[in-house]
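Counting from 668, one number per residue, gives the positions in the sequence shown under the numbering used here.
Derived from the structure by calculation, the hints contain no laboratory data.
Fair warning: there could be bad hints in the mix.
[Stated by the list, open to error] Only pairs whose alpha carbons sit at most 30 Å apart, straight line, appear in this in silico DSSO-like list of lysine-lysine:
1) Lys1264 / Lys1178
2) Lys1010 / Lys1125
3) Lys1136 / Lys1178
4) Lys1237 / Lys1271
5) Lys803 / Lys1116
6) Lys803 / Lys1271
7) Lys1171 / Lys1136
8) Lys1010 / Lys1136
9) Lys1116 / Lys1178
10) Lys1237 / Lys1010
11) Lys1125 / Lys1136
12) Lys1178 / Lys1237
[Claimed, not checked] Derived DEER-like restraints, expressed as beta-carbon distance ranges:
13) Ser1214 / Asn905: 30 to 36 Å
14) Gly874 / Leu834: 47 to 53 Å
15) Glu957 / Ala1268: 57 to 63 Å
16) Thr1238 / Ile1105: 23 to 29 Å
17) Glu1262 / Arg1131: 46 to 52 Å
18) Glu1209 / Ala1268: 23 to 29 Å
Where a beta carbon is used, it is the ideal one built from N, C-alpha and C, also for glycine.
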Amino acid sequence: MESFLFSASIYLGAAVIAVPVAARLGLGSVLGYLAAGILIGPLLGLVGAETKDLQHFAEFGVVMMLFLIGLELEPRALWDMRHRLIGLGGLQITLTTLATMIGAMALGFYWSIALAVGLIFALSSTAIVLQTLSEKGLMRTSGGRSTFSVLLTQDIAVIPILALLPLLALPKAMTLSADGSIDRHIGDEHGADHTTLSLVADLPGWGVTLVTLGAIAAIILAGVYLARPVFRFIHASNLREMFTALALLIVVGISFLMLLVGLSPALGAFLAGVVLANSEFRHELETDIEPFKGLLLGLFFITVGAGINFAVLERDPIAILSLTAAVILIKGLVLYALSRVFKLHGQDRWLFTLGLAQAGEFGFILTAFSVAQDVIPVSVSERILLIIALSMLITPLLFIFMEVISKRFRGAIQDITHDEIDDEGPVIIAGVGRFGQIVNRLVGSAGFKTVVIDHDIKTIELMRRFGFKGFFGDPTRPDMLRATGLANARVLVVALDDPAATLKLVLYARKERPDLHIIARAQDRSDVFRLYGAGANDIVREMFDSSLRAGRYVLENIGLSEFEAAEAEKTFFAHDRHAIRELAEVWDPDTPSGENKAYIARAKELERDLEASLLTILEARKSGD
668 MESFLFSASI YLGAAVIAVP VAARLGLGSV LGYLAAGILI GPLLGLVGAE TKDLQHFAEF
728 GVVMMLFLIG LELEPRALWD MRHRLIGLGG LQITLTTLAT MIGAMALGFY WSIALAVGLI
788 FALSSTAIVL QTLSEKGLMR TSGGRSTFSV LLTQDIAVIP ILALLPLLAL PKAMTLSADG
848 SIDRHIGDEH GADHTTLSLV ADLPGWGVTL VTLGAIAAII LAGVYLARPV FRFIHASNLR
908 EMFTALALLI VVGISFLMLL VGLSPALGAF LAGVVLANSE FRHELETDIE PFKGLLLGLF
968 FITVGAGINF AVLERDPIAI LSLTAAVILI KGLVLYALSR VFKLHGQDRW LFTLGLAQAG
1028 EFGFILTAFS VAQDVIPVSV SERILLIIAL SMLITPLLFI FMEVISKRFR GAIQDITHDE
1088 IDDEGPVIIA GVGRFGQIVN RLVGSAGFKT VVIDHDIKTI ELMRRFGFKG FFGDPTRPDM
1148 LRATGLANAR VLVVALDDPA ATLKLVLYAR KERPDLHIIA RAQDRSDVFR LYGAGANDIV
1208 REMFDSSLRA GRYVLENIGL SEFEAAEAEK TFFAHDRHAI RELAEVWDPD TPSGENKAYI
1268 ARAKELERDL EASLLTILEA RKSGD
């Protein structure tokens, strides 16, 4: 008991110290976990042989992560990914395997060993890459979706790879027995593997296929027909811990079933997540699984760092580091070529190239399996395991490098490819994201001509696909804004995401055109005050109108009639517009609103006025009835 508590304290303490430091430095949590593992393992020697056993347990975090990802994907979305899964993912595995195999044969390895090495290094780290994509909010980008597709294909490919590896040992291990039969020399030391519980161990090929398909069908049918009644039954108990237990049971049970039929637990969990993606209990499942996923993934990364054998590195550091760099370079070149073939551009291309350039955690499993099947010598496996760990360790740094390259690349593109604006109209719309596009559609539908300009080339290209005209350029640049027809425009709509850019544009436009009507987008009251000072005529807070409508719906459902709720909404809107003007006079940009006594006092007075106005309306309505 004492040793367990000591080890737990060491692992948790290292994580608590290293991860926040790494996050503050902008390195990401993954690199923090890896650094914590290196610190308590190779450097200080605070953990020992239990690391490998703990790593097998912690790999369950990858299973949970894929389950959560599956919950975010509807079956239709997965079907839409089929071209990426088959084409992009399949080509990546094939080309990387061949390129690495050629490199290994050039170093003198026998072809079967070289092929096994190629298959091992063809896989990337699902755990590190997906965790990093989620942290940086890149999962829904084109590069993120392509990266996920390749990772999913790799997880699926583990199954045929495990089936192929024993075949590579046949030419080396096969001999003739005394009775003339072929002896494959499957060592007795591995006999424990044959005692593992399995539903397909002694079945013929067609039987294995049927059982495997049956297990997958059982997961789908249970998710469609059984999950909802079970969820409702548990929900009716009003015991929160039972829902957590059910969520864990789903993931653990499906993982166990996949192991029984010889499939990847991660693949089964992902499939279950996709099936349950349309369930009304999806958010509860995510909430219950997320903490366990985070802890186990963190523990997995720590064990990877703690398991790095620096003794092998010390014996031949130049060779190990060179081979690690070679693996990253080979995979990077293959990925870059595929990104061009599949028309990924800019940041997406670099995300795809550098994000998948490492080896993955499945490499540890395949290497151990290859050694057990006499495919790879133990001496070679030690180097392979170290190269895998080092490449995973470098991955967060590659993401940082990707961000630097993307920023420079994006800046260069914008400087070079700004459109020539050859159109004018009475309305200029600067920024056409979620906010600006609605304005553009409404004004255009009413028969008025607009000139749309945005600094995001992807947004402009998307507009053009749907038949809307827009120009790529930076609207805060005076020359670009003048080119939109500022001199003759009647209305300027500033719908930019960046408050600083919005303020800059309003200031310039008001200076150039004192008579121009300027409508500006604001994030909060502070932005409103600044924009009023800059000369904006009408200011729209992003969430204000939608919040008013939500408040009206609340009033309608707690006793007020639709008319009463609408009147309350109108009164609140008019009062707020008046209050903003009043508060702007006492607002001080150098003093926080919570510390500005004059601002607080005036806000309290205005709030009392609002309450009195609403009560007057309601009382008048009641007296009328």
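Could you tell me which of the hints above the structure violates, numbers in ascending order?
Violated: hints 1, 5, 6, 10, 12, 14, 15.
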